Amino acid sequence: MTSEFAVEMRDVVKKFITPEGHEISAVDHVTMQIKNGEFFSMLGSSGCGKTTSLRMVAGFEWTTEGEVFIEGKPMGHIPPFQRKVNTVFQSYALFQHLTVFQNVAFGLEMEHVEKEEIKQRVGRALEMVQLTGMDRRKPKQLSGGQQQRVALARALVKTPEVLLLDEPLGALDLKLRKEMQLELKALQQQLGITFIYVTHDQEEALAMSDRIAVMSHGRVQQIGSPVEVYERPVNKFVADFIGESNFLEGRINSISESEAKVFIHSLNVELIGIPISEGLVNGDEVTVCIRPEKIRIVEEDIPNQNIFCGKVANTVYIGADTHVFVNLYGIKLKVWEQNFISRLHSKLYAVGQDVCLALAPENTLVLKKD
Amino acid sequence: MSPFRRSPVIIAATVFVYFFLYAPIVGLILYSFNASRTNVTFEGFIPAYSNRVVMDGSLVVSSPCGPFHWYCDLAKNDDVTEAAGNTLTIAFTATIIATVVGTMSALALQRYNFKMKPFSQLSLYIPIVIPEIVMGIGILTLFSQLFGWINQVLNLNGDARLALGMATVTVSHIAFMIPFVTLVVQARLQGFDKSYEEAAMDLGANEWTTFRRVTFPMILPGILSGALLAFTLSLDDFVITFFTNGPGSTTLPIYVYGLLRRTITPQVNALSTVWILVVFVAIFLLQIFQNRNSTQHS
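Protein sequence lines correspond, in order, to chains F and S. Those letters in the first sequence? Residues 723 to 1092, per my numbering, in order. Those letters in the second sequence? Residues -4 to 293, per my numbering, in order.
So that you can see chain F by itself, here it is in the shape it has in the complex (with noise of 0.2 Å):
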């Protein structure tokens, strides 16, 4: 390995010009460092410049600034053909005229394998990815699980150093998608192969990954691993993307070391023991971040403790939680109580109900204002 990077994105950028002659960056300064071996995901909503960027490290499209690095290797305008990567497209893109056994031995034959290799080689990769016996079909007579796996078979026989996936799974139904992500995983660690995964889904992100890059507008928002990105998001865009959050502006009344006072205008009260990031100073307008299942019930109100009283304003059963609206002076947060004992039980919250929430200094993030 010449490189600590498998891949790495230098300051990219990427213009397009719309139809109506207009000039958009789908990639906006983009740096990115992927690990060897690294289970690494872009994460955004379409248009967000995700896959514009992993077709930029497959050579698909050409960076207007910055440069893209395999190995260590600038790329410049290396056609795909010469790059060490290989992808897993979102259609599959099988070739409908060859069976399945010539479209995972397409690679081996445009490297001039030996013909004895390319059947051992070809055989192995529909092992690995249990299609044994399916190499005489069309693609159109597989599943949509099973092209999925040839796709994935045609780009792992080449043993590239870096897979690419753009949105591998999009097309399949949840409960194959949530096998298949078990499946990708394990596959991943088993070849120690680095993976750029590009996908709309925060689940399947958070359940994959070693790092995730959050992208929205053609920019990177956050770099971080799952549990990062979820408790510790940098800005409000991420902890609204990922998972559910509930938002109180405020401004930093007092500041010691580590923790502040938070005035919350909404609610016109204060938290108290907040810990807070670097950068903030006193008078700072925040945004105060708690996610749903970090606020607690509680029967009784305890002055000093971050814990104020409303009324239910509903209360939503779906099974594994129950999730209660809570009206704090005419604010709703969102909580989200686990159902510990079955709800036969014990009662649901009725609405009108009233409640004390509990809002621990350590769940409450404080967000700079964007």
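Simulated from the structure, these hints should not be mistaken for laboratory data. Since the structure is predicted, the reported quantities are computational estimates derived from the model, not experimental observations. By construction, the Cβ of each residue, glycine as well, lies at the ideal position given by its N, Cα and C atoms. Heads up, a few of these hints could be off.
Per label pair, the in silico range of CB-to-CB distance [said to hold, decoys possible]:
#1 Q140(S) x K862(F): 50 to 60 Å
#2 Q116(S) x S813(F): 20 to 30 Å
#3 N286(S) x V1038(F): 54 to 64 Å
#4 F211(S) x P796(F): 28 to 38 Å
#5 V949(F) x F211(S): 46 to 56 Å
#6 A18(S) x K841(F): 56 to 66 Å
#7 F109(S) x K862(F): 33 to 43 Å
#8 P796(F) x V148(S): 52 to 62 Å
#9 S813(F) x L255(S): 49 to 59 Å
#10 V273(S) x R859(F): 32 to 42 Å
#11 L255(S) x R859(F): 53 to 63 Å
#12 Y107(S) x S813(F): 17 to 27 Å
#13 R106(S) x E745(F): 18 to 28 Å
Covered stretches of chain S (chain F as the covering partner; in silico rule of three or more C-beta atoms under 8 Å from a C-beta of chain F) [as the list claims (entries may be wrong)]:
#14 187 to 196
#15 203 to 209
Following the hints, put chain S in place on chain F, whose structure we already have.
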């Protein structure tokens, strides 16, 4: 089932359509066995109980070929065989060239954006929509002006002079065939996802290998339909050929037209029947080929 399916109006329309489509063809084939030389009324089939042709006025009383008398007559006609040879030579040559050029322009129009693209697309429709006679006169004018000028400049004389012939007919056919091929291939390319080509390149195939191994086989049915359409258009083109042919480049339609100006004998019917048969077999084979392809794909 649709309530209109058994409506008498639909049945009547269907009968009418089939009658006017196929009655002339059936009649034409029937008359190719006619005993009457004048071919105005059907005088019955020709009996085969003699080893020589016996005529009674305009009636063929007997022939060694029997009902196929006019077909035998046709085979002995050197003009017909020469015209058939010319027609096929022109059709094959022009089809191959027009299919290559037409396919390339369809691919270019599908994947690249360039300034002249709307004009290029529009210019494809012009040869299709303008009257063929206008195009024929246009091509004739072009050739005679161009050849006159070249002959003068290069001081060509006698046999060396450029003149209308097989080459001019072929070039004109290529010219009117290209738009048809391009439009048919373009229609096929509409459903062709560029990710197939990206996948091939991703797996290590360069542009040429990608075309040879992936793009071409996948759009081949479209190319074949375009080629077949162009081929049949060339086979029965009369107007443009009429203006651009010269000595020694008489094609079958031109020859048949020449026969009509004298007397219509059942030889013309026999010729037409053979022609229909050839085209029918060609289309039938292509259908089989395409069906086999699509069943493999689904």
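Against the structure, the hints:
1. Q140(S) x K862(F): 50 to 60 Å: At 55 Å between Cβs, range holds.
2. Q116(S) x S813(F): 20 to 30 Å: Because 27 Å falls inside the window, the suggested range holds.
3. N286(S) x V1038(F): 54 to 64 Å: holds (56 Å)
4. F211(S) x P796(F): 28 to 38 Å: Check passed, 34 Å falls within 28 to 38 Å.
5. V949(F) x F211(S): 46 to 56 Å: holds (50 Å)
6. A18(S) x K841(F): 56 to 66 Å: holds (60 Å)
7. F109(S) x K862(F): 33 to 43 Å: holds (35 Å)
8. P796(F) x V148(S): 52 to 62 Å: Between P796(F) and V148(S), where Cβ atoms are some 56 Å apart, the hint holds.
9. S813(F) x L255(S): 49 to 59 Å: Since S813(F) and L255(S) have Cβ atoms about 57 Å apart, the given range 49 to 59 Å holds.
10. V273(S) x R859(F): 32 to 42 Å: holds (38 Å)
11. L255(S) x R859(F): 53 to 63 Å: holds (57 Å)
12. Y107(S) x S813(F): 17 to 27 Å: holds (22 Å)
13. R106(S) x E745(F): 18 to 28 Å: Given about 22 Å between the Cβ atoms, the range holds.
14. 187 to 196: Per the Cβ count (7), the hint holds.
15. 203 to 209: holds (count 3)
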